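Got chain A; can you put chain B on it based on the hints?
Number of protein chains: 2
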Amino acid sequence: MKLSIQQKNLLKHINIAQRAIGTHTTLPVLEGIYLIAKDNTLELIATDLKISIHSKVDALVKEEGEIIVNSNLFGNIIRKLPDEIVELEANDNLLQIKCAYSSFSIHLYEEDEYPSIFNEENGDMVTISSGSLKDSISQTVFATSQELTKPILTGVLMNQKSKKIDFVALDGYRIAIKTLMMEKENEKQVIIPAKALQELNRILPEEGDTLIKILKGSVVFEFEGTRLFTRLLDGNFIQYETVIESVFSTYFSVNRKSLEESIERAALLSREERTNLIKLDLNSGRLTITSNTEIGHVTEIVDGKQEGENLIIAFNARYLMEGIKAMRESEIKMKFSGPLRACIIEELNENPDFIYVVLPVKLAE
Amino acid sequence: MKLSIQQKNLLKHINIAQRAIGTHTTLPVLEGIYLIAKDNTLELIATDLKISIHSKVDALVKEEGEIIVNSNLFGNIIRKLPDEIVELEANDNLLQIKCAYSSFSIHLYEEDEYPSIFNEENGDMVTISSGSLKDSISQTVFATSQELTKPILTGVLMNQKSKKIDFVALDGYRIAIKTLMMEKENEKQVIIPAKALQELNRILPEEGDTLIKILKGSVVFEFEGTRLFTRLLDGNFIQYETVIESVFSTYFSVNRKSLEESIERAALLSREERTNLIKLDLNSGRLTITSNTEIGHVTEIVDGKQEGENLIIAFNARYLMEGIKAMRESEIKMKFSGPLRACIIEELNENPDFIYVVLPVKLAE
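Heads up: the protein sequence lines correspond to chains A and B, in order. Just so it is clear: in the first sequence, position 177 is 177 by my numbering, and no numbers are missing. Just so it is clear: in the second sequence, position 341 is 341 by my numbering, and no numbers are missing.
The shape of chain A in the complex, shown without the other chains:
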């Protein structure tokens, strides 16, 4: 293998591929990046066996070839080089790296040790703007379950019905649903592990489109020369549509930032305790948030616009706050059906495309 490439371009794609390297690998070769030089393209591959990233970048290839190099060391070297032309040349068991006045030679892994786990076949395809996909991930992935006893809930459901795709995450305490409208009709349900979506979110560009190919038991996201493969979670997702209330007795519209800051302050006292409890008292357009714990007492007041009955209801502050933080609009609307039923939070605009459902905590009499 022999090629030359601009330092900045190489570094960008190393950073992308490194997102797939696990922190605790049992197989030493998985600490490596697999480099393939072919047809004036350098492809960088990394995997932790659950997800796999393949990233392609233009390079001046003088001799085709394939090598595996330690990801950490290779990344650290390229990161410290000046933004000039980098020459890579592999001979025997060594990679030569030359750039300006620097010259490195580092050891390689054996190629035949590298596992090949994702085979691309034909699959169902969906194209989504990368910006919308980023939003859909960050507005839902935080609501996935951390409990490995319910593996299905550690993923986000991507559910296309007709021209509508719902991204849905829930953990038994709250549900986050983001809806995108598509041009083409389709019917498809897949559950994507949260970890894969978090890594995808870090490398997705703001601009352009992402092609999603749904394969057997796996899915691949393609954008700007990069493909991220991940296994899918197997099983039936909860019928989330049926658990969402549709009849409400109280509505409260409020400035998102004011509400968020007040809950954040109220949670300063409650967060030390397991239940993380805050009480909301909604009365004639004024919301009074209180929290009473061993270390002290807090009262916060937020004014808004109320319709319907007054209400006293309690929440785990974290679950309430995370949903409000995921909203984008400056004004939001909370909808209640009494103190023991789920609260629904929406953005206040003409076509709300994100809703958050959070269960209250029953107050002791």
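It is possible that part of the hints are untrue.
Since the list gives no way to pick out one identical chain from another, each pair is judged satisfied if it fits inside one copy or across any two copies.
Stated by the list, open to error - Simulated crosslink set (DMTMM-like; lysine to aspartate or glutamate; CA at most 20 Å straight-line):
#: 1; residue 1: Lys50; residue 2: Glu309
#: 2; residue 1: Lys184; residue 2: Asp92
#: 3; residue 1: Lys161; residue 2: Glu261
#: 4; residue 1: Lys8; residue 2: Glu264
#: 5; residue 1: Lys333; residue 2: Glu121
#: 6; residue 1: Lys98; residue 2: Glu261
#: 7; residue 1: Lys325; residue 2: Glu111
#: 8; residue 1: Lys98; residue 2: Glu264
#: 9; residue 1: Lys2; residue 2: Glu185
#: 10; residue 1: Lys333; residue 2: Glu347
#: 11; residue 1: Lys333; residue 2: Glu87
#: 12; residue 1: Lys56; residue 2: Glu245
#: 13; residue 1: Lys12; residue 2: Glu207
#: 14; residue 1: Lys195; residue 2: Glu347
Calculated from the structure, these hints are not laboratory results. All figures in this text were calculated on a predicted structure; none of them were measured in a lab.
Structure of chain B alone, referenced to chain A:
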């Protein structure tokens, strides 16, 4: 106690006082900030028994008084409040905090539990511009020893002779010396713990002067309403002047940034190993830096201006690099007296006020 104060001013002084709170306190009250309201001033005091910070800020005091409040909780609450007027009022065992639409009440510590360790008496006084003091700390403190078996070397010597103050740190492998010129003559030697200087450096302003008062066994730094007390280290410092070479056989002047980046890259391979060894080969104005380790080989070339003999010498990369990073000028000068004697590094300007001495490593034959 009852007072009102602008949120931003209060937060600034909480942040300052919190630098003295230890991470592992055995005495619970040391997790507290001692607040004293008196004469339209709020004083905030915190200590870990080794250092102590007293910070004063103007406040509208309606009722004088003293309380101790949990530093972490108090800081977190004030940090989250809007920048408006904060009202503090202590009654019985509770502190009320009111600001805009927020109201907190949190528990206090018992006052009589708070230790009083630093008593200010009259002492010898030195005034230094805060900017120069910051420089003097950051250019020396990194070279103090981490080994508690030689406690004297875990501090920085502040050594005034006539109108010259040397700040000196050494750990047996390198010496860093920063020299300031004073207007008044004095003779004084004190050794200040590195930890205290690091905390001082974080809260010292860029502008204005710092008054240093040397007391019995302790020293206090005063600036902008804040006083930082620290115990001094007891013992005789090494006679550092005598160990500095004065006859040289090789001089090398070089761009600091080029040299720093080359050493940093060369150290990428050596830093995994205990000795962290890099070899410098200086020949006719060209410096070739190499490092050979189990994971690979690196060669770096840096051109400069050489006077005197060619030379091959080896260093621990970290000790060499830390000294070069502490330099401020764009050009630096290295002075050598052969491969087994200390190298001296200076800034290349008319009045170099910082010198760094680093011992070489003997290469195996």
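Each hint, compared with the structure:
1. Taking the closest pair of Cα atoms, Lys50 and Glu309 never come within 20 Å of each other, the shortest separation being 50 Å inside a single copy and 58 Å across copies.
2. Taking the shortest alpha-carbon separations for Lys184 and Asp92, neither the intra-copy value of 51 Å nor the inter-copy value of 68 Å comes in at or below 20 Å.
3. Proximity of Lys161 and Glu261 under a CA criterion of 20 Å is satisfied in neither setting, with 37 Å inside one chain copy and 56 Å between copies.
4. Taking identical chains as interchangeable, the C-alpha atoms of Lys8 and Glu264 lie at most 20 Å apart only when they sit on different chains, with a minimum of 19 Å there against 40 Å within one chain.
5. Neither within a single protomer nor between protomers do Lys333 and Glu121 lie at most 20 Å apart by alpha-carbon distance, with minima of 45 Å and 62 Å respectively.
6. Taking CA atoms no more than 20 Å apart as the test, Lys98 paired with Glu261 passes between copies only; the shortest distance there is 15 Å, against 52 Å inside one copy.
7. Within a single copy, Lys325 and Glu111 get their C-alpha atoms no closer than 46 Å, and across copies no closer than 40 Å, so neither meets the 20 Å cut-off.
8. With identical chains, the CA atoms of Lys98 and Glu264 are at most 20 Å apart between copies only, with a shortest distance of 16 Å across copies and 52 Å within one.
9. Within a single copy, Lys2 and Glu185 get their C-alpha atoms no closer than 46 Å, and across copies no closer than 67 Å, so neither meets the 20 Å cut-off.
10. With identical chains, the CA atoms of Lys333 and Glu347 are at most 20 Å apart within one copy only, with a shortest distance of 6 Å there and 63 Å across copies.
11. Taking the shortest Cα distances, Lys333 and Glu87 never come within 20 Å of each other, neither inside one copy (57 Å) nor across copies (32 Å).
12. In this assembly of identical chains, the alpha carbons of Lys56 and Glu245 never lie at most 20 Å apart, being 47 Å within a copy and 55 Å across copies at closest.
13. For the homomeric pair Lys12 and Glu207, the shortest alpha-carbon distance inside one copy (16 Å) is at most 20 Å, but the shortest distance between copies (40 Å) is not.
14. Within a single copy, Lys195 and Glu347 get their C-alpha atoms no closer than 27 Å, and across copies no closer than 50 Å, so neither meets the 20 Å cut-off.
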